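J.: What follows is the residue order along each chain.
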Amino acid sequence: MFTVLRCVIYRDLLLASRRWADVLTALVFFVIVVSLFPLGVGPEPNLLRTIAPGVIWVAALLASMLSLTRMFAADYADGTLEQMLLSAAPLGAIVAAKIVAHWLVTGLLVVLIAPVLALQFDLHQPLLGTLTLSLLLGTPVLSMIGAIGAALTLGLRGGGALLSLLVLPLYVPVLIIGAGSVDMAAVGLGAEAHFLLLAALLVVAAAFAPWAAAAALRISAE
Amino acid sequence: MRGRRRLFGGLNFALRGGDLLRVTGANGSGKTSLLRILCGLLSPVCGDVRWHGDNIRSLREEYWQQLLYIGHAHAVKEELTALENLVVSCTLVGVNVSREQALEALSRLGLAGYEALPVKILSRGQQRRVTLSRLFLSEKIPLWILDEPFDALDAGAVDCVRLLIAQHLARGGGVVLTTYQQIQIENPQVQCINLDSRVN
Chain C
1 MFTVLRCVIY
11 RDLLLASRRW
21 ADVLTALVFF
31 VIVVSLFPLG
41 VGPEPNLLRT
51 IAPGVIWVAA
61 LLASMLSLTR
71 MFAADYADGT
81 LEQMLLSAAP
91 LGAIVAAKIV
101 AHWLVTGLLV
111 VLIAPVLALQ
121 FDLHQPLLGT
131 LTLSLLLGTP
141 VLSMIGAIGA
151 ALTLGLRGGG
161 ALLSLLVLPL
171 YVPVLIIGAG
181 SVDMAAVGLG
191 AEAHFLLLAA
201 LLVVAAAFAP
211 WAAAAALRIS
221 AE
Chain V
223 MRGRRRLFGG
233 LNFALRGGDL
243 LRVTGANGSG
253 KTSLLRILCG
263 LLSPVCGDVR
273 WHGDNIRSLR
283 EEYWQQLLYI
293 GHAHAVKEEL
303 TALENLVVSC
313 TLVGVNVSRE
323 QALEALSRLG
333 LAGYEALPVK
343 ILSRGQQRRV
353 TLSRLFLSEK
363 IPLWILDEPF
373 DALDAGAVDC
383 VRLLIAQHLA
393 RGGGVVLTTY
403 QQIQIENPQV
413 QCINLDSRVN
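Chains as they are written, first to last, in our numbering: chain C, 1 to 222; chain V, 223 to 422.
Don't read these hints as lab results, they were simulated from the structure.
Just to be clear, a hint being listed does not mean it is correct.
[What the hints assert, rightly or not] Per the computed footprint, the stretches of chain C lying under chain V, defined by three or more beta-carbons under 8 Å from a beta-carbon of chain V, are: (1) 60–73; (2) 124–133.
[To be verified] Quick list of the computed label-pair ranges, beta carbon to beta carbon: (3) V:Lys342 - C:Leu24: 16 to 24 Å; (4) C:Arg70 - V:Gly269: 32 to 40 Å; (5) V:Ser265 - C:Gly42: 56 to 64 Å; (6) V:Asp270 - C:Arg157: 29 to 37 Å; (7) V:Asn318 - C:Pro45: 53 to 61 Å.
The structure presented is a predicted model; accordingly, all values stated were derived computationally and were not measured.
Glycine included, every Cβ here is placed at the ideal spot set by N, Cα and C.
Bound-form chain C, shown alone (with noise of 0.2 Å):
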């Protein structure tokens, strides 16, 4: 099962290597939605540090959720999801490495630039390994429900709308929780406790999400 898995991740891993425009639209998309409030707020330090992780936060759902309509499309168009479904291995199981490789093309590259975005928000210095570490935790939760939005609306008539309908609302929790411990940290509080119930959500989506996706995915291909 694991050399099944293996493999998913580095057939998508390399897809998106030869597609890399697909990847790089996710992440210049999430640059220029969290420049645009700096510009568009005005020059108000004061203002821009308070705004910052909300909107870094906000520009991180949009992106996550820009790449997820293709999570299973592809698949579905040339016949590869009915061999995935037809696999020796549980469907559950290869989901979890479709979202693996998911994060890793969006999520983890939108982790790794956003510090230097926030830099624009003149957020202090301790904050940032704070944000950094709330997208870290809230970003695989995002791919996670993401993933079973998509595997719902697949091969559905404007399923691209239907998904943002779907999936915004279920990332409030997370989009709550992780802009939240920004701003614990920023008055001088903890931000253990949001930390822990960020955690939490990943512990929880990750044992059901891939589940739920499977279950809509064989829903979605018959």
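Dock chain V against the given chain C, drawing on the hints supplied.
T.: Below, chain V alone, put in the same frame as chain C:
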């Protein structure tokens, strides 16, 4: 049933080792749907499919380990090379292949020299060959379900695939296939199902 339309009903058949089942019928008569039901991708409105006496819906992965399904779609990734595609699709269904075995399979289907090219620059027939080269590496899988295997192939490749199917049947494997072409496969145990006469 597809939508509200009844495609076929009253089908009853058993496939033994060494049997070839040929499904024929006009476009839209439900050939692909029947094959997808046999694989467990689609559930029949009524009736069930059994493998060694057990319903495939309860066997799931245990059944799929013993099944090779080649669908109408090529199931190849355009950005990957022929070799990468073959290795990935074999690994996905639980068949571990070495690089040499995969190269050998590709060259036997006339793709020597094309292994390292991305599949998107290959022709449709060559893409089909990449998919079908899995047959060389699936000798141990007892049941083959092939949807239009000869589609887009030239005469040489058709002969090659025909031979492979005959060898598989001689080994005691079972094959279910659909095809429009009149292709003779040397085998005494051929069953035919014509879906045109099955709407009732």
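J.: Give a verdict on every hint.
T.: Each hint tested on the structure:
1. With 0 residues having a Cβ less than 8 Å from any Cβ of chain V, the segment 60–73 of chain C misses the three-residue criterion, and the hint is violated.
2. Only when three residues or more bring their CB closer than 8 Å to a CB of chain V does the claim for the segment 124–133 of chain C stand; here the count is 0, and the claim is violated.
3. The supplied range of 16 to 24 Å is met by V:Lys342 and C:Leu24, whose beta-carbon atoms lie about 20 Å from each other.
4. Distance hint check: the CB atoms of C:Arg70 and V:Gly269 are about 37 Å apart, consistent with the given range 32 to 40 Å.
5. Range check, V:Ser265 to C:Gly42: Cβ separation about 59 Å, and the 56 to 64 Å hint holds.
6. Between V:Asp270 and C:Arg157 the beta carbon distance is about 33 Å. The supplied range of 29 to 37 Å therefore holds.
7. Distance hint check: the CB atoms of V:Asn318 and C:Pro45 are about 59 Å apart, consistent with the given range 53 to 61 Å.
Comparing the model with each numbered hint stated earlier shows that hints 1, 2 do not hold.
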